[in-house]
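> The task is simple: from the sequences and hints, build the whole structure.
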Amino acid sequence: MTSIASLLAAFARDEVPGAPDTDVAVSPVTPEETARVLGLCSEHGLSVRFWGTGTRAGMGYPVEADVLVSTRRMTSVVDWQPDDLTVTVQPGHPADDLHGMLAERGQAVVLASGGTVGGALASASSGPARLRYGPVRDHVLETVLATGDGRVVRAGGRVVKNVTGYDVPRLVTGSLGSLGMICSVTLKLWPVPEAAATVTVTDPERALATAYRPLAILSGPFGARVYLQGTASEVEAQAAELGGEAADGHRWPEDPMGTYVVQVRVPPDRVPEAVRRSPDTHVAQHGVGIVTFGTDRLEDLVAIRSWAEGVGGAAVLVRRPDGADIEPWGSPPETVDVQRRVKAAFDPDGVCNPGILPGRI
Amino acid sequence: MTLVGSLAEAAAAVVGEERVRTHPLELHLYRSDAGLATGDASVVAFPETVDEVVALVGAATRAGAPVVARGAGTGLAGGAVPDGGALVLVMTRMDAIHDVDTANRTAWVDPGVINLDLSRHTEPLGLHFAPDPSSQAACTIGGNVANNSGGPHCLAEGSTVNHVLAVEYVAADGSIRTVGGAAPDPIGLDLRALLVGSEGTLGIVTRVLVKLTPNAPAVRTLLLSFDDIESCAATVAGVIADGVVPAALEMMDRPLIRAIENFIHADLPVDAAAMLLAEVAGHPDAVDSEAAVVERVGRAHGATVRVAADEAERAILWKGRKSAFGAVAQIAPDYYLHDTVVPRTRLVEAMRRLYEIAERYDLTLLNTVHAGDGNLHPKLAFDASEPGVLDRVHAAGREMVTLAIELGGALTGEHGIGLEKKELMELAFSRVDLDAQARLRDALDPDGLLNPGKILPAGARCAEFGRPVPEGTWI
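Protein sequences, first through last, are from chains L and Y. Numbered per my numbering, the first sequence spans residues 1 to 361. Numbered per my numbering, the second sequence spans residues 1 to 475.
No lab work stands behind these hints: they were computed from the structure. Idealized CB from N, CA, C, for every residue including glycine. You may find that some hints are simply not true.
Claimed, not checked - For each label pair, taking beta carbons as the anchor points, the in silico distance ranges come out as:
| hint | chain 1 | residue 1 | chain 2 | residue 2 | range |
| --- | --- | --- | --- | --- | --- |
| 1 | Y | LEU29 | L | VAL336 | 40 to 46 Å |
| 2 | Y | ALA96 | L | GLY18 | 51 to 57 Å |
| 3 | Y | LEU25 | L | PRO332 | 47 to 53 Å |
| 4 | Y | SER6 | L | VAL336 | 34 to 40 Å |
| 5 | L | ARG297 | Y | ALA458 | 56 to 62 Å |
| 6 | Y | GLU359 | L | PRO332 | 56 to 62 Å |
| 7 | Y | ARG461 | L | THR30 | 23 to 29 Å |
| 8 | Y | PRO214 | L | ASP79 | 30 to 36 Å |
| 9 | L | ASP96 | Y | GLY448 | 44 to 50 Å |
Structure below.
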């Protein structure tokens with residue numbers, strides 16, 4: 001038994017399928033237990049990597065960690081209040097299960113599908129419906145965070161409107177485990193309107209200018225589609241106004257595949273140009289400002305990154321082969337020094353996913 | 001030379017004497033916001049550029065004086081009340097709207113721009129700034145950002161933070177920072193989320209990139225009146241359970257209906273126990289069927305329904321809602337307005353118990369509720385000249401806030417913590433939670449220069465807290 005293993009002997013040590021090799025892997029079952037693991041790691045200078053199902057493990061700088069902390073034993077739906085339009089879940093809960101459960105009662109959440117809720121939240125992965133409803137960070141009401149130094153910090157609340165104190169739930173969203181582990185999250189839900197249609201159009205930017213608040217407008221090798229949702233008469237009228245071929249329901253495209261998957265984030269009016277600069281294997285989110293493409297050629301990333309940064313955006317690597325030494329973020333933001341101080345407020349010893357963020361924070 | 005004298009001179013060296021105030025009568029104007037708390041300003045300055053803000057922050061740092069930024073002073077929680085002989089920066093002269101970008105539906109605006117002026121400015125473009133606090137004819141965008149302000153229409157559109165893409169601010173160290181941007185999901189930690197709602201404690205907002213929302217092509221406004229509060233609240237829950245999130249769902253109780261009717265004469269249902277102002281907005285083919293849902297659910301709960309026939313009628317109904325504050329003045333010279341949130345499903349219970357509390361303290365209670373959000377605004381009307389009444393008002397207010405927490409709600413939905421509620425933060429959060437908030441504040445403003453004494457209660461910092469404590473321990 002290694003010394004790290006003996007240090008963490010009190011916790012459920014675990015074989016986590018698909019996880020990278022570390023000296024020890026533990027799968028805590030409560031926020032308090034997670035905090036105790038992290039506290040011990042801080043005390044002994046052990047670095048920690050968090051792990052759900054690895055769906056988004058290709059984001060950020062690679063993390064070399066002594067200890068892997070898995071969310072696989074924190075998978076419950078803690079509380080679902082359909083009439084209040086809120087749901088509270090643990091991080092290891094599969095995102096697709098959450099979508100499925102909500103759909104049975106005609107509700108939906110803005111959150112990417114695939115992987116775990118914790119992973120989608122930690123990477124701020126919003127999914128396609130954000131054109132209408134805004135990004136996932138607009139829907140995070142409460143978080144319970146086990147901090148790097150072993151505290152259990154709750155912030156926000158389980159109500160849809162709240163300005164009590166600093167907005168830690170939004171800060172945690174997209175923090176990629178750099179502050180600690182998200183142990184539960186409360187999300188704001190939406191009722192799903194009665195009708196849905198997918199309209200094939202020829203000019204997605206024109207559709208963006210004319211359609212009244214569609215759920216999404218996507219384009220790619222599959223063509224260009226406008227996703228409508230609303231009352232039956234509204235969807236029918238909007239489909240007629242758009243003038244394309246309409247099909248009932250929503251047909252979402254597959255996520256782009258490739259050795260590398262790159263997400264280009266630019267001001268929304270730059271999407272057509274981003275599309276022109278991207279390989280054909282892309283999905284463009286018109287009106288949002290995101291074009292995601294898969295490629296086997298690293299040059300594609302390098303070429304588009306300098307352009308994207310030049311227009312105030314970024315080109316971010318979201319999938320890469322294990323061990324590939326590629327700059328995942330591009331130029332760090334000008335506030336790296338402030339971000340470093342913010343991380344230290346939660347993880348003063350710097351043990352949580354060390355160096356994963358831009359600026360190797 | 002006194003400290004104040006030297007600070008005033010330093011401020012005058014930055015902005016000129018004509019934009020500095022030091023006379024006690026002038027300072028008196030800036031010792032409070034629209035709430036009850038008062039403080040003490042030593043010098044007031046009116047910057048017009050970000051460089052002047054930087055220089056003023058530097059002058060205050062050298063003089064050892066805190067800096068309190070304020071907009072129009074419409075806040076109710078004391079967030080802009082100066083403390084400790086502060087240098088007050090009045091941001092209202094930074095009031096330009098720059099770079100309206102119709103393609104991206106954004107605009108860079110100065111902090112002193114008045115909320116309603118922004119929406120009026122972009123109206124010809126078919127766009128508006130969605131947050132619409134009742135004070136929107138006076139309050140500033142900078143103040144909206146500081147307090148993460150809401151308003152009736154944030155039921156469907158969300159609060160200010162959902163409509164801010166980037167913030168330029170002057171930090172406590174005098175540096176000019178920009179967080180966020182026009183592109184989605186800026187890389188790194190989302191510092192923009194920290195700045196919005198930080199009540200001037202983390203930075204002084206000098207420019208804001210706001211998201212503009214397309215004006216709805218069609219709107220239907222309905223007024224539903226009920227014989228009892230329960231039916232009104234049940235209608236709110238029923239509409240949302242039916243899959244419709246209206247643009248706004250505003251509830252008012254009988255005392256307030258009467259006060260408003262007296263004030264604006266809109267033929268309001270003065271004998272109803274409660275009324276619900278409901279608005280659906282969207283595609284022309286959607287609003288009629290959504291309005292029909294509201295009407296059907298309302299009638300099922302015994303409502304009498306009035307549909308605004310035209311824009312003029314819609315305008316007067318909304319004027320009624322937004323002049324609720326003014327209307328209260330007819331009942332008593334003073335009022336104390338609270339801002340709490342409960343889960344939507346607990347509204348009826350919350351209202352019933354609010355009346356009980358007011359009765360126990362012998363105070364007049366009037367209610368407006370952003371009912372769709374469960375955001376309560378109980379108003380206690382009183383005459384401050386009556387001996388001892390303020391103690392009763394404060395005691396009743398504390399019970400009302402405690403009640404919201406007991407029902408699983410929040411201390412404040414849109415007004416902020418400020419001075420008013422900081423000592424109540426312990427009702428909602430553990431010491432560890434508050435310590436984490438204090439550490440965040442220290443990370444951005446280690447010397448406590450910016451708006452000190454707000455948000456966090458005294459003793460929020462657990463100085464001795466360094467290592468994990470046993471499970472379940474609250475230190």
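> Taking the hints in turn, state whether each one holds.
Here is how each hint holds up against the structure:
no. : hint                              : verdict
1   : Y:LEU29 <-> L:VAL336: 40 to 46 Å  : 41 Å, holds
2   : Y:ALA96 <-> L:GLY18: 51 to 57 Å   : 54 Å, holds
3   : Y:LEU25 <-> L:PRO332: 47 to 53 Å  : 50 Å, holds
4   : Y:SER6 <-> L:VAL336: 34 to 40 Å   : 36 Å, holds
5   : L:ARG297 <-> Y:ALA458: 56 to 62 Å : 59 Å, holds
6   : Y:GLU359 <-> L:PRO332: 56 to 62 Å : 59 Å, holds
7   : Y:ARG461 <-> L:THR30: 23 to 29 Å  : 26 Å, holds
8   : Y:PRO214 <-> L:ASP79: 30 to 36 Å  : 35 Å, holds
9   : L:ASP96 <-> Y:GLY448: 44 to 50 Å  : 46 Å, holds
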